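Protein sequences, first through last, are from chains A and B.
To convert, take the position in the first sequence, counting from 1, and add 329; that gives our numbering.
To convert, take the position in the second sequence, counting from 1, and add 329; that gives our numbering.
Rather than coming from a laboratory, the hints here were simulated on the basis of the structure.
There's no promise every hint is true.
Since the list can't tell identical chains apart, any single copy or any two copies may satisfy a pair.
[What the hints assert, rightly or not] Cut-off 27 Å, straight-line C-alpha distance, at most; resulting in silico cross-link-like pairs (DSSO-like, lysine-lysine): (1) K361 <-> K390; (2) K377 <-> K390; (3) K377 <-> K338.
Note that the structure is predicted; figures quoted are calculated from it, not measured.
Number of protein chains: 2
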Amino acid sequence: MCESNVYLKEGENETLIMESVDSIEPCENGLKLMDILGRQLFVPARIKDMTLLNHRIVVEKLS
Amino acid sequence: MCESNVYLKEGENETLIMESVDSIEPCENGLKLMDILGRQLFVPARIKDMTLLNHRIVVEKLS
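Please put together the full structure from these sequences, using the hints given.
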């Protein structure tokens with residue numbers, strides 16, 4: 330399966346905020362995440378970087 | 330493998346601009362894409378949406 334984990338980076342710290350994310354949709358004030366079970370999460374953040382082979386997406390808070 | 334294909338959406342059309350993308354890094358004026366062979370591509374675009382299980386990332390030109 331090719332879902333990714335989404336981490337929120339704050340300074341040097343990274344916190345796992347959602348596992349097994351399938352879809353990401355940037356919107357005006359942040360990101361809509363949905364995992365493989367259909368659970369949805371909104372985070373007021375933007376994508377910082379992602380490496381899909383590592384199943385890893387890093388987001389940072391919108392300033 | 331969990332790489333994705335990146336499509337540029339213009340109006341109703343979608344054009345495949347890079348296959349087998351591993352990493353995406355948003356930067357000031359667009360997106361830096363890198364595929365699994367290390368080839369890099371810059372596109373003046375932003376992420377519109379992505380569905381990782383479908384290996385599909387859609388971007389749109391920055392206005």
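Now for the hints, and whether the structure bears them out:
Proximity of K361 to K390 under the C-alpha cut-off of 27 Å is found in both arrangements, the shortest distances being 13 Å within a copy and 20 Å between copies. In this homomeric assembly, K377 and K390 come within 27 Å of each other (Cα to Cα) both inside a single copy, at 9 Å, and across copies, at 18 Å. Proximity of K377 to K338 under the C-alpha cut-off of 27 Å is found in both arrangements, the shortest distances being 9 Å within a copy and 22 Å between copies.
The structure agrees with every numbered hint stated previously.
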